[in-house]
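K.L.:
Spelled out, the chains give:
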Amino acid sequence: MSDDSTQRMPTLEKEQGAGASGGGGHLEQSASAADYDPGAHGGGGGRNGRFWSLRRVPAGIVALVLLGVAAILLYDVASVRAGDPAMAWRRTLANEMAATALNDPKVLASACVVTLLGVWLIALAVTPGERGLLPMRRETATVRAGLERSAAGLVLRDRAMQVSGVQSVRVAVGRRKIRAHAQAHFRDLHEVRGDLDSTLGDGIRQLGLARRPSLSVHVRRPKKR
Amino acid sequence: MGVILRAVNRVLLTLIGLLLLALGLAMLTAGFDLPRRWNFSLPSDWPWTSPHDVILSDADRTRWRSESWWWPVVIGVLAVLVIVLLWWLLAQLRRRRLGEVLVESGDGEGALLRGKALENVLEAETASLQGVDKAAVRLTGRRTTPGAVMGVTLSAHAAPGPVLTRITDEALEHARESVALEKLPAEVRFRAAKHRPERVL
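Respectively, the protein sequence lines represent chains A and B.
According to my numbering, the first sequence is numbered sequentially starting from 133.
According to my numbering, the second sequence is numbered sequentially starting from 549.
For the record, the hints were derived by calculation from the structure and aren't laboratory data.
It should be emphasised that the depicted structure is a prediction, and the values quoted were computed from it without experimental measurement.
Even glycine gets a Cβ: it sits at the ideal position worked out from N, Cα and C.
Honestly, I wouldn't trust all of these hints.
[Stated by the list, open to error] Interface residues of chain B toward chain A, partial, derived using beta-carbon atoms under 10 Å:
(1) Leu560
(2) Leu561
(3) Leu563
(4) Ser605
(5) Arg611
(6) Gln640
(7) Gly695
(8) Leu702
(9) His705
(10) Arg739
[Stated by the list, open to error] Non-contacting residues of chain B with respect to chain A, defined by C-beta distances greater than 12 Å in every case (computed):
(11) Leu661
(12) Thr692
(13) Ala728
[Said to hold, decoys possible] From the derived model, a few chain B residues whose C-beta atoms are all more than 10 Å from chain A:
(14) Trp612
(15) Gln678
(16) Thr713
(17) Glu718
Make a model of the complete structure from these sequences and hints.
P.N.:
See below:
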């Protein structure tokens, strides 16, 4: 992974915001706190890598399908050996396969499907998955933590609602970027945006993520009814 | 914590994916007559070389049928496949849980603590921390080197970073001390309970 290159010195500071709060001052000036705190990611006691999914579901589905095919085939082959006639589908399949040429559209289409399925399985196997879980900064080597994106969104929404003038707010948490869309029914829009920038910047810092997402804030008036 | 299952799943998915990919590409190559169009030749024992080849001819299908080893090998391979696939499928459904933890007293004597007891204590202490609504803990690993998998539901207005610090320094640290372990590795996942936005004015 690329994000474990920056190492934090092994200081024993317990306060989350202590090291980073110096960056809070310039938040009010910029309309969007896109790079409010550069160089703040990187972690303490261990690697800050992504969570790698176990891939239980795809493995289970593939295992179930293959198991079904292998079990039916085994049953049929064994029963034929024991003197019973083969099942009808196996005859049909054998005849079809011996009669269909490769340039038959059906064959080409299924070959495409098989190829894509192969690519998809390989992609599932080599990518981390768990895209909904944001890795958190590691303070000790033994504890790994992740924050669900939906939870991060709720925490930030609660904070944004405390800014005066904000009537409603929608916070979309992406893996690298957080977008907040607020409707302010009083106060100057620029002031509200400045307050939201600093409040949400502080809120993002308190999320304790390994890699701080960037932030963009949009404020507008609610629609007139 | 599922390290082996994760590796097995990913390796097997890669292998099956590669097989499917190779099969599909081989059929597409012959089906669209690419060797002739793009002027390359396939090895002579390649299964399909021209678009008019059939998928599996009767001759190929019954090639080894008269050999005495053919049916035992087919049945044996299928039986092994069924057993391996059954194991693989069951491994997905099973969740490993540590039954008991070995508490060493240091003088050669030891005690066994029910894993459920430690789980309950960890859950209770974590849930009592500020900013935590609910906690669910599962112990994994071996009884001499247990690990904890924690699912933590944040309460409204919680700050996840400080909450994690409190869990690490209090709940996990107390649990580690109480069973006299050198370390208690943990994996923590934070969720949040859905709630309506509150206006604070």
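K.L.:
Decide, hint by hint, whether the structure agrees.
P.N.:
Comparing the hints with the structure gives:
Hint on Leu560 of chain B holds. Least Cβ distance to chain A is approximately 7 Å, under the 10 Å limit. At its closest, the beta carbon of Leu561 of chain B sits 4 Å from a beta carbon of chain A; the interface hint therefore holds under the 10 Å criterion. Nearest Cβ of chain A to the Cβ of Leu563 of chain B: about 9 Å, under the 10 Å cut. The hint holds. Checking Ser605 of chain B against chain A: minimum C-beta separation of about 5 Å stays under 10 Å; hint holds.
Checking Arg611 of chain B against chain A: minimum C-beta separation of about 13 Å lies over 10 Å; hint violated. Among the interface hints, the one on Gln640 of chain B holds; its C-beta lies about 4 Å from the nearest C-beta in chain A, closer than the 10 Å criterion. Restraint check, Gly695 of chain B versus chain A: the minimum CB separation of about 9 Å is within 10 Å; hint holds. At about 6 Å, the closest approach between the beta carbon of Leu702 of chain B and any beta carbon in chain A falls short of 10 Å, and the interface hint on this residue holds.
Taking 10 Å as the C-beta cut-off, the interface hint given for His705 of chain B holds, the closest approach to chain A being about 5 Å. For Arg739 of chain B, the suggested interface contact is upheld, since its CB lies about 5 Å from the closest CB of chain A, less than 10 Å. Separation of Leu661 of chain B from chain A is adequate, the least Cβ-Cβ distance of about 19 Å exceeding the 12 Å criterion. The beta carbon of Thr692 of chain B sits about 15 Å from the closest Cβ of chain A, which is more than 12 Å, so the claim that it is off the interface holds.
No beta-carbon of chain A comes within 12 Å of the beta-carbon of Ala728 of chain B; the shortest separation is about 16 Å. Non-interface status of Trp612 of chain B relative to chain A is upheld: no Cβ of that chain comes within 10 Å, the nearest being about 14 Å off. Gln678 of chain B, annotated as away from the interface, keeps every beta carbon of chain A farther than 10 Å; the closest lies near 13 Å. Listed as outside the interface, Thr713 of chain B is inconsistent with that label: its C-beta sits roughly 6 Å from the nearest C-beta of chain A, within the 10 Å cut-off.
Even its closest Cβ contact with chain A, about 12 Å, leaves Glu718 of chain B beyond 10 Å, as expected for a residue assigned away from the interface.
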